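Chains as they are written, first to last, in this note's numbering: chain A, 831 to 1132; chain B, 831 to 1132; chain C, 831 to 1132; chain D, 831 to 1132.
These aren't lab readings, by the way, just hints derived from the structure by calculation.
Take the hints with a grain of salt, since some may be wrong.
The list treats identical chains as one, so a pair stands whether inside a single copy or across any two.
Under the rule of at most 25 angstroms between Cα atoms (straight-line distance), these lysine to any residue pairs were calculated in the SDA-like manner [unchecked claim]: (1) LYS1069 to GLY1025; (2) LYS1069 to ALA1080; (3) LYS1069 to GLY1120; (4) LYS1069 to GLY941; (5) LYS1069 to GLU932; (6) LYS1069 to THR1038.
Remember, it's a predicted structure, so these values are computed and weren't measured experimentally.
The lines below spell out each chain.
There are 4 protein chains.
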Amino acid sequence: MDVGFIGLGRMGKAIAVNLLRGGHRLRVWNRSGGAARELEPLGAEAVAQPAEAAARAEVLMLMLADDAVTRAMLIDQGVLERLPAGAVCVNLATISVAAAQELSRLTAARGVAYLAAPVFGRPEVAAAGKLNIVVAGDAAAVERVRPVLAAIGERIWPVGAEPERANVVKLAGNFMIASALESMGEAAALARAYGVTARQLLEILTSTLFAAPVYQGYGRLIAEQRYTPAGFSLTLGLKDVRLALQAGEAGHVPMPFASVLRDRFLEAIAAGESDHDWSSIAELAARHAGVPDSAAAADPGG
Amino acid sequence: MDVGFIGLGRMGKAIAVNLLRGGHRLRVWNRSGGAARELEPLGAEAVAQPAEAAARAEVLMLMLADDAVTRAMLIDQGVLERLPAGAVCVNLATISVAAAQELSRLTAARGVAYLAAPVFGRPEVAAAGKLNIVVAGDAAAVERVRPVLAAIGERIWPVGAEPERANVVKLAGNFMIASALESMGEAAALARAYGVTARQLLEILTSTLFAAPVYQGYGRLIAEQRYTPAGFSLTLGLKDVRLALQAGEAGHVPMPFASVLRDRFLEAIAAGESDHDWSSIAELAARHAGVPDSAAAADPGG
Amino acid sequence: MDVGFIGLGRMGKAIAVNLLRGGHRLRVWNRSGGAARELEPLGAEAVAQPAEAAARAEVLMLMLADDAVTRAMLIDQGVLERLPAGAVCVNLATISVAAAQELSRLTAARGVAYLAAPVFGRPEVAAAGKLNIVVAGDAAAVERVRPVLAAIGERIWPVGAEPERANVVKLAGNFMIASALESMGEAAALARAYGVTARQLLEILTSTLFAAPVYQGYGRLIAEQRYTPAGFSLTLGLKDVRLALQAGEAGHVPMPFASVLRDRFLEAIAAGESDHDWSSIAELAARHAGVPDSAAAADPGG
Amino acid sequence: MDVGFIGLGRMGKAIAVNLLRGGHRLRVWNRSGGAARELEPLGAEAVAQPAEAAARAEVLMLMLADDAVTRAMLIDQGVLERLPAGAVCVNLATISVAAAQELSRLTAARGVAYLAAPVFGRPEVAAAGKLNIVVAGDAAAVERVRPVLAAIGERIWPVGAEPERANVVKLAGNFMIASALESMGEAAALARAYGVTARQLLEILTSTLFAAPVYQGYGRLIAEQRYTPAGFSLTLGLKDVRLALQAGEAGHVPMPFASVLRDRFLEAIAAGESDHDWSSIAELAARHAGVPDSAAAADPGG
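Let the sequences and hints guide you as you build the complete structure.
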């Protein structure tokens, strides 16, 4: 299909490569031009203005930082105005529920279908074409873009006709990850207070009940207290928890765990660690308890 | 080995059967005699008084309801007094850190080693001999009872010489399970407020990031709102969170998630649901948000 | 002084009356014209457009509903444009820290000083000219408007040169009131569970340790479960807690009590009580505990 | 009346002095004999064994540290055994609801009425005979001891026939004080983040809405960050919050503010400050936000 693609960060670029490999025609734009030009040898056309990526596109895919950048791109930069009627706008990024609702209205007014299609998976997963894509919006539009989504993801999870539903699922998922981080942090602090290291505790639990990617991957970071460089920073973690809380507030959903998480992110950021991995909130329980880890010294005694 | 075994509830009985199958000699006692007699065809000797199970035992295994019952058995019923010096007392139950410390002192004073050996796994897992056993206490005693533990568990996780360490690991694990329940509950409430059913949400998340036994098993119960009969009741859940909080308090470990969980258990119990499965705390977020599930009616739209 | 006054709700009107009584010349505007015309017999000039209230004013006073209305008035309605350079804009309303910072920049760019001057006190207090006024902004501008503030308040509390400081103090004060409500609610639920009525408990405590206006006034509402009509609604309470949390987030200040309050307001609003008095959050602890009050039946036993 | 009095700490001694001044005959005992002998010149008889204080007493008054000490005194030291049938046991201390229920049963079995009569007021207030006394238990027994209570308190607040009700009121009151401390702490942290000192903020609020003894007294300590010597230590604060939570748990009352407070006390104690005044929990919000106070440098700008 003819695809316009805007936003070539680590995730966006990996996805664009898979679209090219899948035989789709891409016109790409990125704030810094380098990433766009790097895709040219693979067949992409790097354009000078974002609106040119939209012109003649059957599908416009967006992978931008946040609500503000996305709105500025579609509206202020004239991207939406150039998008042909009948095209489908597929937003792969994690934005707010409110922004999804607003963008859905704005695109509909121009005869463009808006699909929210946030993805689960890190850059490596994106590069392997193995993303899980949660998609919501007009069912016919979802069918139309299925070949494009199939090129980048392992599985597509449709969740209904209102685009914001996909954003809610994504925010709920990230909230659950952050909750897992905090629960490992409190459990590890409790264990440390009795001389059991985070490594011992998490090895047992992530080999058994919690043998899931989230616990094993982050459990290792926590056991090793290895929080830099960040895979996903505290700043981004705070953003997503804030979006979940805002979506909850609009729907009158109290979320006490999310509130605890918000406070954790704020405290870690106040301590100057905003660029640490979000799993570093697991240190706060131990810090409050005055039980720094002693993994190096400890002998499991077994 | 010569094993005394006291406490033949669902877990205890399944474990005792595996010990018999493993060739160990068992003298068993249970409050209600039926369970003990049922083991006789398998070779166990059912005794009339708990202290008789202890007499001549190389290993005394306990699987009793709580601190009070365990202490009453060892002290008031004279079990500890009858246990031969040099024997090893292996407590498989989830008791408090404080009780583990006390029992360890009392047994040591009589020349008996005390091992805390709480297990992860439900009755089916116990029946299959696949328990994960966290064990703490004197290393030589752990070695001595290894043949017994090997007969009932898939893997033994030693965590050091202080018995209470194993209790802490067990309580930390149960706290993490309860945290997973609450995080699914809040995520599901958020999703429901936007028309996504708990079933849709949890199918996506437990097939991907959260593909772990805890999330998949309990996710199914939550998606189906199937909380009776309980696998593990709210009353037991509250008990274990309380024990985690008490252990945290003794070690000066603030645990904000554990406090939220405590309030959830109390509220559900106040609502008259004490015998529901502990996963039913996942309903409270939705109840507070006024978003009952509509799984039956919903069409994922894809 | 020549005063333009925009926003004649219950508070605004009571304040405007005191300005007129104090000998100041007022040009007034309100969304619904009635309130403005009612002030004409007292000497006010009711104008047809908000910008006319600003023209020729030495002081422009605003008492509007929220950030959005205030910004729309100053910018979109052209009020700021008409305000003479050298005038002082005094915002009496509780708005967000971020909006105060923005409005301060915008007015400064036009040679107008911006003072945030939120007030503590209900309409009766305003009518009596007994408000407590927290004021922040340029010190010389504060001095200039002192005669105006003296006409409406009992005491002026300057808190520095950055306007948003006054908003922070106001939000902190409202947060403390809401915290007092919740603490009375939890205390009353605990008491009720043991047969002590909220009335008994709060009579004792608000006659002794907590003999302060906030506790006595709201304590009475809680004891009598009299939440309608609202003096200050749950919706407004949620707004102010949200503003406190947002200000906290911008300054990286975790506020666990504020997060609990947010959840309380959301739950009460989800239950359809958005127009109840904000003190009704005190019922939620009792509701969760399953202990409705029984004040009518109870006999204090003394 | 003939009064036995056990427990002459700062509070107990001040109360005993007022009983002597009121013309009552006292036999006193204290763990360290000095305090008892100091009362002899005022007419008290210092006895060598606690049980001697009980013999011949019409009223036995207790002011002991906690549940364990109180129970040990009444049971193990034989005090209850020596108390004449028909006597009234008046426990002035803050003990747990569960202990009050147990002691009430034990005394009743010996024909002794048990009254819980915890007091509000610090040692100076006790010395001035101005305590507020919350009393619960058999109404006739309350009448009988009224002359004694009148000698030590300004006002008596009867709350019913079940003794534990008075303990619940006392615990609820202390919980509300601790909540006020935390709310001042979070409000002050928010203010500090915007350059308003705790002193400025609390001067405004405790002169107006929060003009109550609790806020003014503790507000001053917080504004001055003066937490030693403690009037009431963090250790005692944690004890009382724990008792409130336990009473709540027994009655299935979730108390989210109380849980936040528990975590605050634990964190401050973990930081090695267990002997600081309990108002020092107000520092934790600021510490988490990275905004130490700067009261000395600040100029209110007015």
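To see whether the hints hold, each was checked on the structure:
no.	hint	in the structure
1	LYS1069 to GLY1025	between (35 angstroms within a copy, 23 angstroms between copies)
2	LYS1069 to ALA1080	both (16 angstroms within a copy, 12 angstroms between copies)
3	LYS1069 to GLY1120	between (28 angstroms within a copy, 20 angstroms between copies)
4	LYS1069 to GLY941	neither (31 angstroms within a copy, 36 angstroms between copies)
5	LYS1069 to GLU932	both (19 angstroms within a copy, 22 angstroms between copies)
6	LYS1069 to THR1038	between (32 angstroms within a copy, 22 angstroms between copies)
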